[in-house]
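Build the full structure now, drawing on both the sequences and the hints.
Chains as they are written, first to last, in my numbering: chain A, 1 to 230; chain B, 231 to 289; chain C, 290 to 618.
Treat the hints with caution; some may be incorrect.
What the hints assert, rightly or not - Below 20 Å or equal to it, Euclidean Cα-Cα: the simulated PhoX-like pairs (lysine-lysine) are:
#1 C:Lys475 x A:Lys187
#2 C:Lys528 x A:Lys166
#3 C:Lys587 x C:Lys294
#4 C:Lys475 x A:Lys194
#5 A:Lys20 x B:Lys234
#6 B:Lys287 x A:Lys7
#7 C:Lys522 x C:Lys578
#8 A:Lys173 x C:Lys408
Hints were generated in silico from the structure; no laboratory data involved.
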Amino acid sequence: MIVGTQKPFPEIWEMVQGFKRVLVFGCNTCVAICHAGGGKEAEILATMLRMKAAEEGVAIEVKDLAVQRHCEPEYFDQVIEEVRGYDLVLSAACGVGVNFLTQRIGNVPVYPAINTSFYGAVPKAGVFVELCAGCGNCVLHLTGGICPIARCSKSLMNGPCGGTDKGKCEVSKDIDCAWYLIVERMKELGTLAKLSEIQPPRNWATARDGGPKRIVLEHIAEEEAAEVKK
Amino acid sequence: MYVKKLMTTLGIDPARLEMFNLSAAQGPRWAEICTQFIEKMRAFGPSPIADGLRKQKCV
Amino acid sequence: MTTMKSGSNLERVIASGQPAVTGELGPPMSADPAEVVHKAHVLKGFCDAANITDCQTAIVRISSVAAAVIAQREGLEPVMQMTCRDRNRIAMQADLLGAAALGVKNCLCIAGDHQSFGKAGKLNGHPGAKNVYDVDTTQLVGILKKMRDEGLQQGGDKLQVAPKFHIGASWTPLGDPLDFRPVNLKKKVDAGADFIQTQGIYDVELFRSQMKKAADLGCFERTAMLAGIIVPKSAMMLKYMDSSVSGITVPPALIARMAKAKEAAGDDKKKMKELQEAEGIKIAIELIKQVLDIPGVKGVHVMAIEWESALEPIVKGAGLYPRPTFADA
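Below, the structure written as C-alpha cells:
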C-alpha cells in the first residue's frame with residue numbers, strides 16, 4: 001500500500017489561511033491503514049483546525065468528509081457537487097488522490113494534508129516499512145524476494161558496498177543492509193550461486209526516470225468505450 | 231496519551247484533559263472528581279479557545 | 290612481457306613483478322589548485338601512482354578528474370576515482386573520455402559514501418542531494434572494459450578512439466557478510482577489473498583467510514591485489530576505526546601497543562602526538578611486510594589521511610624505496 005504521514009499541523013494551518021470554507025477530505029484505503037488520512041483522521045484534523053481558528057480568532061468554516069478511495073472516480077463522483085461547494089479542499093488522500101481530484105473538481109484548489117512517502121507494508125501495528133520502488137522491471141526472483149532497489153540505500157545490483165556494518169546500512173543503524181538480507185535469504189533457499197551472475201546496467205526507463213507512465217489495457221478500454229456508445 | 235499530544239500542538243495545556251475510570255454506582259466519587267477538576271480548571275483560567283471565542287464576539 | 294592495457298606506470302610496475310605502492314591524495318574544498326600541487330610534490334617518488342579521491346564522504350572538493358590532471362602535470366601519476374553516487378552513465382562515460390583525452394590512465398570504480406555522510410561535524414554537506422547510483426561498481430567496471438576493449442559505449446554506440454584504461458575496483462574483504470565478500474570480488478574481477486585496492490587491513494590473519502578463499506575462486510589469475518594500509522595516528526583513531534568504520538577490524542593488541550606509546554609521553558601533549566605517530570609509522574611498515582607475504586597480494590595502497598608526508602618514511606622503512614622507473618617513461 002501507499003504509506004504517508006500527515007503534514008505537521010503548523011504547515012497545514014498555514015495552507016488554509018485566507019480560505020473561508022474548507023473541506024478536509026479523507027480516503028479510507030491506504031492512508032487510513034497508516035492512520036494518516038482516513039475518515040477518522042480527517043475528522044480529527046478538521047476539529048483541530050476549528051479549535052485553532054477559535055484560538056486565533058480566525059473566521060473559517062471547516063468540515064470533513066471521506067470516501068473509500070480517491071484513485072477511482074466513482075467514489076468521489078458521488079459527492080463531487082458537495083465538494084465543489086468549498087473554497088479549498090484539503091485532501092487527506094495520498095498524492096495520487098490530490099492529483100486525480102484536481103483533474104475532476106473544476107475551479108476549487110486541492111491542497112495536500114499528507115506527505116506521501118513510499119510503497120510499503122505493516123510488519124507490526126504502527127510500523128510501516130518501504131519494500132518496493134515501483135521500478136517497472138521486477139527482479140525479485142533473482143534476489144530471494146528482497147528488493148535491492150528499494151531497500152539498498154544505493155540501489156546496488158551486484159552485492160553489498162563496503163559500508164555494511166553488522167548487517168546494517170551505513171546510512172543508519174535502523175536500516176537493514178538489503179544485501180546482507182539477500183545473501184542470508186538465498187543461502188536459506190540454496191540459491192546463493194545465482195548471486196555470482198553479473199547483473200548488467202539496468203534500463204531505468206521503466207521507472208520514473210523514463211517519464212510519467214500511462215498503461216492502457218486495450219481489452220477493457222475498448223469494452224468500456226463500446227458500453228458508453230450504447 | 232495521543233489526544234494530549236494533539237492539544238499540545240494547538241497550544242492547549244494537556245493537563246486540561248484527564249481520563250477517569252468509574253462505574254455508574256460510584257456517585258460520590260464522580261461528584262468528588264468533578265469538584266476537584268473544576269477547581270483545578272478555575273485556577274488554570276480560560277483556555278486559549280475560550281479566549282479566542284470571546285475576542286471574536288467583541289469584534 | 291604482457292601487452293599493456295594502458296601503459297600506465299602502475300600497470301608497468303605490477304607487470305614487472307615488483308610490489309606496487311599507491312598513495313592517496315585528497316583534493317581541497319577550493320578553486321585553488323595549490324594544495325593539489327603541494328600534495329603531489331610530497332607523494333611524488335614514493336609511490337607508483339596516487340589515488341585522487343572523488344568527493345570522499347560526499348563532501349564537495351575539486352573533482353577527481355580535474356585534480357588527477359593537475360597531479361599528473363606535477364609528475365605524479367594519478368589513479369582517478371569515480372563514484373557511482375554522483376553521476377549517471379552518460380556523465381561517467383563523458384568524464385572518462387575526457388580523462389583519457391587528458392592522459393589519465395588509471396581509474397578506480399567505487400560505490401561512494403552515501404550523501405548523508407556529508408553532514409558531519411561542522412560541515413553541512415548535501416544530504417538532500419539526489420541519489421544517482423545509475424550503475425553500481427561492478428557495472429561501471431564493465432562499462433570501462435567495454436569502452437577500452439570493444440571501443441563501444443555502454444549503450445552500444447562506437448567510440449572513434451577507445452580510451453586505454455587500467456581498470457581498478459575496491460574491495461572490503463572483512464565486511465559483512467564475510468563469506469560473501471570473496472564472491473563479491475569475483476564479480477568485479479569477472480567484469481574486468483585489472484587491479485583491486487582494499488579497505489584498510491589491520492587483522493592480517495583474517496585478511497589472509499579471505500585472500501585464500503578469493504584465490505580459490507580464481508580472482509587473482511589476471512587481477513592484481515593491492516592491500517589497503519591506513520596509517521594510524523593514535524590509539525583513539527584505531528579505536529574509532531574498529532568500532533565505527535565498517536569493514537575494519539583492529540586487533541586489541543595493536544590498540545594496546547599504541548596506547549602504550551601514548552603513555553610513555555606522560556602529560557606532554559606534543560610528545561604524545563610524536564610518539565603515537567612514530568608508532569603508527571612502525572605499525573604501517575610491519576603491516577606492509579606482512580601483507581606482501583600473502584599469496585595474491587601484489588602491492589599496497591597506503592592511506593596517510595591528511596598526513597601525506599608519512600608516505601616517505603613508510604616506503605623507505607618497508608624497503609620499497611626507490612620506486613621502479615622505466616627507461617622509456
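Hint check results:
no.: 1; hint: C:Lys475 x A:Lys187; result: holds (18 Å)
no.: 2; hint: C:Lys528 x A:Lys166; result: holds (17 Å)
no.: 3; hint: C:Lys587 x C:Lys294; result: holds (17 Å)
no.: 4; hint: C:Lys475 x A:Lys194; result: holds (13 Å)
no.: 5; hint: A:Lys20 x B:Lys234; result: violated (28 Å)
no.: 6; hint: B:Lys287 x A:Lys7; result: violated (31 Å)
no.: 7; hint: C:Lys522 x C:Lys578; result: holds (19 Å)
no.: 8; hint: A:Lys173 x C:Lys408; result: holds (16 Å)
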